[in-house]
Structure formats: C-alpha cells, structure tokens
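Same order as they appear, the protein sequences are chains R and V. Here our numbering is used: position 257 in the first sequence is 257, and no number is missing along the way. Here our numbering is used: position 62 in the second sequence is 62, and no number is missing along the way.
Don't read these hints as lab results, they were simulated from the structure. Because the structure is a prediction, the values reported are computed rather than measured. We put the beta carbon where it would ideally sit given N, CA and C, even for glycine. It cannot be assumed that every hint is accurate.
Listed next, the stretches of chain V that the computed footprint assigns to chain R, with coverage defined by at least 3 CB atoms under 8 Å from CB atoms of chain R [what the hints assert, rightly or not]: (1) 44-55; (2) 227-240.
Pair by pair, the computed Cβ-Cβ distance ranges are [said to hold, decoys possible]: (3) Y145/R to A26/V: 53 to 61 Å; (4) S247/R to A198/V: 28 to 36 Å; (5) V74/V to R198/R: 50 to 58 Å; (6) R30/V to L66/R: 25 to 33 Å; (7) L15/R to D65/V: 56 to 64 Å; (8) G92/V to G234/R: 49 to 57 Å; (9) V101/V to P94/R: 46 to 54 Å; (10) Y145/R to D65/V: 26 to 34 Å; (11) E184/R to N77/V: 49 to 57 Å; (12) G149/R to P262/V: 24 to 32 Å.
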Amino acid sequence: MNRQRFGWAPYALLLPSLAYLAVFFAAPMVQAFGLAFQDDGGNWSLASWRAMFTDAQFREALVTTLILIVIIIPVQFALALAMALVLNAKPRWPGLWLYLYAIPLGVSELAAGILWFAVFTQQGWLNSILEGLGLLDRPFIFLDYENQGWLILTIVLAEAWRATSIIMIILVAGLQGIPRDYVEAADVFGATFGQKVRRVILPLLRPSIQVALILRTILAFQAFAVVIALAGQGMTVLSAEAYRWYSDYRDPHVAAAYAGFILLLSVFSTVLFLWLLPVRQEQAT
Amino acid sequence: MSGAVEARPVVAAPRTDIAPTAARQARARRHKIGRALLHVAAVALALWVLFPIYLITITAFSPRDVVYDYPKRVIPNQFSAETMDFFVNSTGVLGALWNSVVVAVTTLVLSTLIGAPAGYALARFAFRGRDAYRLMVLSTRAFPIVILSIPLAVSFIDWGIYDTVWSVALMHTALAMPFTILITSSIFLGVPKDLEEAALTLGCTPLTAFVRVVLPLALPGLAAASIFTFVLSWNEVFAAVILTLRERTLPALVLSALNESPAPFRFAAAWFMMAPSLVIIFVIRRYLLGLWGRVSR
C-alpha cells in the first residue's frame, strides 16, 4: 500500500540527510586525500607522506598508539564482560547498577583524562592514600616522561574507566538476546560458571563482541585528549600528531596524511576483526 | 538418539523429587553464597566507577589552597565554591560555555530535523536502495573524526565561517547524523504500524497520522536519542579545537589551555564537563540498552 501511494515519499525523506552527508562527510573525505597527496601549489606529490614517515615523532606515535590499543581493548572487554554478567545474573536493583556502570558513557575523554590526572599527579590522590596507609614515605612520581611504563598504565586505567561502558551496554544488549534455555540446559548438565561463560555465553555473544571490538578500536585510534591530559608532552599518539601538525605547524597536508594513515589503520582493523571473528548469517540478527 | 533422550531424566531427576534434604540444603547454601558474591561484585564494580568521581568532586569543591594540599584528605573537612567560582570566572570560560551550549543545541536540532525523516523512511517504507542507504550510513562509523576535521577546516576558511560556533555545529551534525538516522529508524520500527494504518483508514492524511499517532508514541525514544546527540557534541574536542581559535567550546578551551592552567582550574573544569553526564545518563537510563543495543546490530 505504502509503496503505491507514496512512491516518491521515502526518497524525499532521505534526500536532506543524503545531501548533508555528501557535503559534510563524503566531500571532506575525498578532500582529505587531496590534501594529503598534494602540495601547497595543488600539485600531486608524496611530500606530505614522506614528511610524516620521516617525522621524528612518527615512530613513537605509531608504537604508542598500537601498544595502547593492544592493552586497553582486552582490559575493557574483561571489565565490560564482568559488568554485563553481573547485570545478567539479575542482582537486586538492576536499574541502579546499570545506571552506575553507564555513567562514564557520557564523560568526555578530556574530563576523564583530567580526573585520572588528579589521581596520579605527584600531589594527587593515589600518593595521598598510599602515604595515609603507610605504604609510601614520600610521593611517587607516576607521570614522568622518563617512565613510559607508568604513563601507559595510567592512560590504560583512564580509558578502561571511561570507555568500558559502551562495550558493557553492547554486551548486555547481546546477553538479553541469548535464550534462557541454553544457559539452563548447561545448568542441568552440571556446567560450572566458567564453563557456561566459555562454552555457551561467549560463543553466542560473538556478533555483539565483533561490533564492540570494531567500534572501540576505531575510537581508540582517535583518542588523544586523554593522552594530552595525563602525559602532556611526555607521550604522543597518531591523532595528537595530526592535531600538532595542523595547529602548531600550520601544515594541513601533513596533518591530512596523519589522518589518512589513521583511516587506513581503522579500515585494516575492521577488516581484521570481520575476518578473525566471522559471524554466521543466522547469528547476525 | 536414545542416549540423548535418556540423559536428561537421569541428571535432572535428583534436582526435584528424590534429592536428600542434606543435598538440597547444600545447594540452597551454595545459591545463597553465589548471590552474596554477585552483590559483592556489583558493589566493587560500582565503586570502581564512583570512587574517581567522588575524588574529583571533593577536589572541585574544596577551597583553592586546599586543592594544593598534600597529603589530601579522602574525607574532606571543608566545602567551598571558591574553586568552581575561580574556574567559571576565568577568562573565556563563560563564553566557551555559551558556545558549547549553542553548538550542542544546534547539533541536536539539525541532526534530528534532517536525520529523523530518513530514519522514518528506513523504518516504514520498502523502497529500492533501502539496503544500500542503510549500509552507507552504517559504514560511516569506520571513518575517524580526525580525517573529517582537517579538510573541513580548510573549506570553512574558504567559506568564511572558520572559527565560529556554526562551523563546529555543522561538523558535529555530520558526526551525529548517522547515529540519529539509525536510532530513529529503530524507534519508529517500535511504533506499531497497525495504529498508523488505522489512522489512515479513518481519514487522516499521512502527515496528521504521523503527527497525531506516531510522534506521540515515538517521542520518549526520540527525546532520549536527542539528549545523547547533545552529549556527543558537548564532549567532542578534536574537531572543536581544530575548527576554532577564539570561539572555543568548553572542551576546546580547556584542552588548549591545559598546559598553562593551574590545578584548581583543571579539576574544576573536569568536574564541570563531567557533571551533566551524571544527570543525563540517569534520565535516559531506560533507553540505553535500546539505543546502543539496537544500533550495534
């Protein structure tokens, strides 16, 4: 019925959004590659890419970005799974726990970075508490650029605090889609908690896990305010370099090359997750 | 075949009828311990989220000299609005706060006005190109914000709107739009089609059927989605700091001044940027699973 009476209606409804995304999403995307592959005179050149690859900060930024992702994502998943399993086990006041676990969903990277800076800074909360407990005699310097291990650990904690919520929400929504019968069947056969999680719940959660992995990894490639807030100049990541090249060096070409490089990594990781965690069609819905 | 049929009663039987009392008591005890452990875990995870929020809150509401104190007191002995007052009245903060609100509201209005009709079309009409459009919207998620900001900055300079709240709002709308389209489509799918068709057969035009029947039913979900769009824009910092120089939004101002700003300024700023989340997530908590759960499929 709808189709005959309003043949043109869906297209009219789509048109504004299509036009908007064409102007403010597709066009800049193409322009980004134009910027990255052209010099100031508009000639095609690889100079920006060469400048990026030979940039003294490039290697460090790439390595730090990758290290952070490789550590942060598993930590976030373990934490999110714990939260999701707690919520799924029907505790008392389920709405309260969901709300509390979801609060960081609305907290920005920058605010979370400063919040954890307050914890880890030399005269911060962690040192105060450790001294109060008699575990330290004088403040320990966590945020020192000569101590990259501590810097990475603090950034991992800040990101695990902030961005676990989104994974938790996706996993809880996925858990709700698992029929109770499956878990009850495992109960009947005497499965332990660990067996239920590994053999029943995780395999059935695979579509949600895949989506959460892709989403989180793409966002993790863009994280930069949390790094600036915690490490200042002491550590750099790829998107911080894109920002630095645009704002400090006034060179949109190299900045666009950095952005293009991040895009390539994002697409590569998406393809990698689709390939590593294939989701069968009947699971996908 | 017979194995599977027989296995069930053999294992299941002791559970119900002929279990000795001792075994049943042991199971009940184990169940109780399990429930207790569950709640211990629930509380521990909640503390992990709440404790840092508590610490930044008592920092932001200490007098300024107490912010510098060391060691700090986990249970504060004095409260004061001095630190917050200092932050709010620092140069540029009120202007940036106003800019943030203008950008977030503009983003909310633009992305809802442009995105919601598309969501409605996806939910209600079967038309050629529907799947392709949906796929296109989904795939925008693979593209990082970083890559949009730099060419848009160059374009906005050409168009003469660089360093205005409008340039940031246009950019944030582009980021929020795919989200809005997918969310609104799932919200409209949740409104029974029968009701709309009943209204049409009873003589409503498509527009009045939408306004009088569909919209009231979809409104709570739409409101939750818009609030989330607001949060998205309120929190976004990369595009905001690239697209502005003087007309900063609040996160852009705080980020660009981070290295020069004193500790009380930073901590008050972090609390100020974080606080809306406590309220907003509470308001939309019933919709969270629907919003993100559905979008993730």
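Here's how the hints hold up against the structure:
Here's how the stretch 44-55 of chain V fares: 8 of its residues keep a CB closer than 8 Å to some CB of chain R, so the rule of at least three is met and the hint holds. Three residues within the 8 Å Cβ limit are the bar, and the stretch 227-240 of chain V against chain R gives 6, so the coverage statement holds. For the hinted restraint 53 to 61 Å between Y145/R and A26/V, the CB-CB distance of approximately 57 Å keeps it satisfied. Distance hint check for S247/R and A198/V: the Cβ-Cβ separation is about 57 Å, which falls outside the suggested range of 28 to 36 Å.
Between V74/V and R198/R the beta carbon distance is about 39 Å. The supplied range of 50 to 58 Å is therefore violated. For the hinted restraint 25 to 33 Å between R30/V and L66/R, the CB-CB distance of approximately 44 Å leaves it violated. Restraint check, L15/R to D65/V: a C-beta distance of roughly 59 Å satisfies the suggested window 56 to 64 Å. A hinted range of 49 to 57 Å for the beta carbons of G92/V and G234/R is inconsistent with their spacing of about 26 Å.
Checked against the given bound of 46 to 54 Å, the beta carbons of V101/V and P94/R, roughly 34 Å apart, lie outside it. The supplied range of 26 to 34 Å is met by Y145/R and D65/V, whose beta-carbon atoms lie about 28 Å from each other. Between E184/R and N77/V the Cβ separation comes to about 53 Å, which falls inside the hinted range of 49 to 57 Å. Between G149/R and P262/V the Cβ separation comes to about 28 Å, which falls inside the hinted range of 24 to 32 Å.
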